[in-house]
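There are 2 protein chains.
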Amino acid sequence: MSSEFSLIQQYFSRPTPDVVLGVGDDCALLQSSPNMHLAVSTDSLVAGVHFFHDADPALLGWKSLAVNLSDLAAMGATPRWCTLAISLPEVDESWLAAYADGLYHCADAHQIRLVGGDTTRGPLNLSLTVMGEVPINQALRRDGAQVGDAIWVSGDLGDAAFALAAIQGQLQLSEVDMASLAQRLHAPVPRVSLGLALRQIAHSAIDISDGLLADLGHILSHSRVSAVLHYAALPTSEIVADLAAHPAYDRCVLAGGDDYELCFTAPVAHSDAISAMAEQLDVRLTCIGEIVADGGMQLMDADGQPMQMVQMGYDHFVS
Amino acid sequence: MSSEFSLIQQYFSRPTPDVVLGVGDDCALLQSSPNMHLAVSTDSLVAGVHFFHDADPALLGWKSLAVNLSDLAAMGATPRWCTLAISLPEVDESWLAAYADGLYHCADAHQIRLVGGDTTRGPLNLSLTVMGEVPINQALRRDGAQVGDAIWVSGDLGDAAFALAAIQGQLQLSEVDMASLAQRLHAPVPRVSLGLALRQIAHSAIDISDGLLADLGHILSHSRVSAVLHYAALPTSEIVADLAAHPAYDRCVLAGGDDYELCFTAPVAHSDAISAMAEQLDVRLTCIGEIVADGGMQLMDADGQPMQMVQMGYDHFVS
Numbered sequence: 023m024s025s026e027f028s029l030i031q032q033y034f035s036r037p038t039p040d041v042v043l044g045v046g047d048d049c050a051l052l053q054s055s056p057n058m059h060l061a062v063s064t065d066s067l068v069a070g071v072h073f074f075h076d077a078d079p080a081l082l083g084w085k086s087l088a089v090n091l092s093d094l095a096a097m098g099a100t101p102r103w104c105t106l107a108i109s110l111p112e113v114d115e116s117w118l119a120a121y122a123d124g125l126y127h128c129a130d131a132h133q134i135r136l137v138g139g140d141t142t143r144g145p146l147n148l149s150l151t152v153m154g155e156v157p158i159n160q161a162l163r164r165d166g167a168q169v170g171d172a173i174w175v176s177g178d179l180g181d182a183a184f185a186l187a188a189i190q191g192q193l194q195l196s197e198v199d200m201a202s203l204a205q206r207l208h209a210p211v212p213r214v215s216l217g218l219a220l221r222q223i224a225h226s227a228i229d230i231s232d233g234l235l236a237d238l239g240h241i242l243s244h245s246r247v248s249a250v251l252h253y254a255a256l257p258t259s260e261i262v263a264d265l266a267a268h269p270a271y272d273r274c275v276l277a278g279g280d281d282y283e284l285c286f287t288a289p290v291a292h293s294d295a296i297s298a299m300a301e302q303l304d305v306r307l308t309c310i311g312e313i314v315a316d317g318g319m320q321l322m323d324a325d326g327q328p329m330q331m332v333q334m335g336y337d338h339f340v341s
Numbered sequence: 023m024s025s026e027f028s029l030i031q032q033y034f035s036r037p038t039p040d041v042v043l044g045v046g047d048d049c050a051l052l053q054s055s056p057n058m059h060l061a062v063s064t065d066s067l068v069a070g071v072h073f074f075h076d077a078d079p080a081l082l083g084w085k086s087l088a089v090n091l092s093d094l095a096a097m098g099a100t101p102r103w104c105t106l107a108i109s110l111p112e113v114d115e116s117w118l119a120a121y122a123d124g125l126y127h128c129a130d131a132h133q134i135r136l137v138g139g140d141t142t143r144g145p146l147n148l149s150l151t152v153m154g155e156v157p158i159n160q161a162l163r164r165d166g167a168q169v170g171d172a173i174w175v176s177g178d179l180g181d182a183a184f185a186l187a188a189i190q191g192q193l194q195l196s197e198v199d200m201a202s203l204a205q206r207l208h209a210p211v212p213r214v215s216l217g218l219a220l221r222q223i224a225h226s227a228i229d230i231s232d233g234l235l236a237d238l239g240h241i242l243s244h245s246r247v248s249a250v251l252h253y254a255a256l257p258t259s260e261i262v263a264d265l266a267a268h269p270a271y272d273r274c275v276l277a278g279g280d281d282y283e284l285c286f287t288a289p290v291a292h293s294d295a296i297s298a299m300a301e302q303l304d305v306r307l308t309c310i311g312e313i314v315a316d317g318g319m320q321l322m323d324a325d326g327q328p329m330q331m332v333q334m335g336y337d338h339f340v341s
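Here the protein sequences come in this chain order: U and D. So the first sequence is numbered by my numbering: it starts at 23 and just counts up by one. So the second sequence is numbered by my numbering: it starts at 23 and just counts up by one.
What you were told as hints is all true, and nothing was included just to trick you.
To give an idea of the interface, some chain U residues facing chain D are shown, with a C-beta separation under 8 Å as derived from the structure:
hint, residue
1, V42
2, C49
3, L51
4, Q53
5, L60
6, S63
7, S66
8, V68
9, L94
10, A96
11, M97
12, G139
13, S149
14, R163
15, D229
Bear in mind the hints are in silico, worked out from the structure with no lab data behind them. Note that CB positions come from ideal geometry on N, CA and C, so glycine has one too.
This is chain U alone, in the form it adopts within the complex:
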């Protein structure tokens, strides 16, 4: 590694006073907590695939950590530590400073410590690994959904996908609406507090990164159950609700990526507790259906009639 690239590490060496040993040795040294499982996830963002080459580095810094925190949230894990492997085509100090600011902004907001990193020359690639902790036997897994569970989602669906569609010229939005949806695409807020609150409440959970149908499909296949969803119940922002007649609506709401909301299932008996939690955490929580034994995934219209889902670009969840 050139010394030029070694210098980059200085951007990612802010103090970590509560860590045994942070950036700067062969490994970080971390003190895990008794009676907890370590929850670990890794996710990459690649230029030209997940973001445009000229993307705002500060937003990228936020998002590259946020999408990983979303996995911890979906597991009900408390964020603890993360590492960053970053490849850059060249050393651009203003880009790096902005990226680091965005990353640390997200890290500070969610109390996760960057404890290690690797910086190399190469096509722009941001790979993060996050570590969190969850009490033994309280993790929110994909395989815990039970027949009779209510299916919930947090927040609104489709904002990020509509933002991307607008950027790609598939629709025109007012400046204000565009700014609102773009914020959701570029700076998603991981549902960390919600994940923690769901630990003793939900039977299963997943974060919605590939679209509701795909991700709920993972819960169904891992739990060997089926689902009935109510189309009219799907939560959307006012902006997206106004786009209900747009040809991309179903795809964006049901199969759009980058929502980073949580989808979870819980016993119906907990519904009041969940509604109270929504108040307390100031996050919209909407019951969109229920877990059933058979039938794969069925989407019902307002009259209770099954809808076709073939055209929604989703082929994973076939039961």
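Use these hints to put chain D onto chain U, whose structure you have.
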């Protein structure tokens, strides 16, 4: 992520029976051990930077994990778990199968479990994060070297750098010699057992990834000490010893990358124990100098006269 790319994950989903929850959920769930610190490191290999685009994928699989295991070894940590973030320009199943075989070969040899991964389309990039465990207060850190310590290195220096020089046409080697050095470049063996054995013996350790002078320089700067090295003591293979007159010799041996040997310091009183360890582990261990209080890094020739190091391409360790 396209379903095509989701399928890739199947290459990295071999069973992990001793893990709470492996690949397939939002996070892996891991049970850490009491009274141990978690040691975590991350390292990337990038096509066109760390390896050629047409590199043997099975060797890449081995090496991409081995270079990370080398960091655990340098910390004295027992390997436990790893995650993989892989970007590929296209899905090439035979490449993937060979890469996975190489990776698992190295993982099985060192009893580390692949517990999570992310696969994306993009320029070829292999980012791994490894996790290990080390008893509290027994980690081999960079900052523990003490005046009077002997400085040791494992194995031979310069093999990998000479292999690369030969590949780049800077010298001609016989087929047999080339194969021997290329093995060291493409399939380094992380010194995991040595790192564990050094836990109660060494004051400091680092793995030699950027060349002896650079990496020993990190120990010196972190420990605020200096070093005297004996040029004649530097261990090399017979092949490299025969190249002592080659203009690249000093650079390859002193500042060549990719050795993945350990450099460590230990009290002189432990020298016999270290020699016995070399026998027991069947690894060459050579005392190459000693830690002193002042003077930066000095390299002595066979007559005890200081040598010039400016031309060795190394500028980090200036005291």
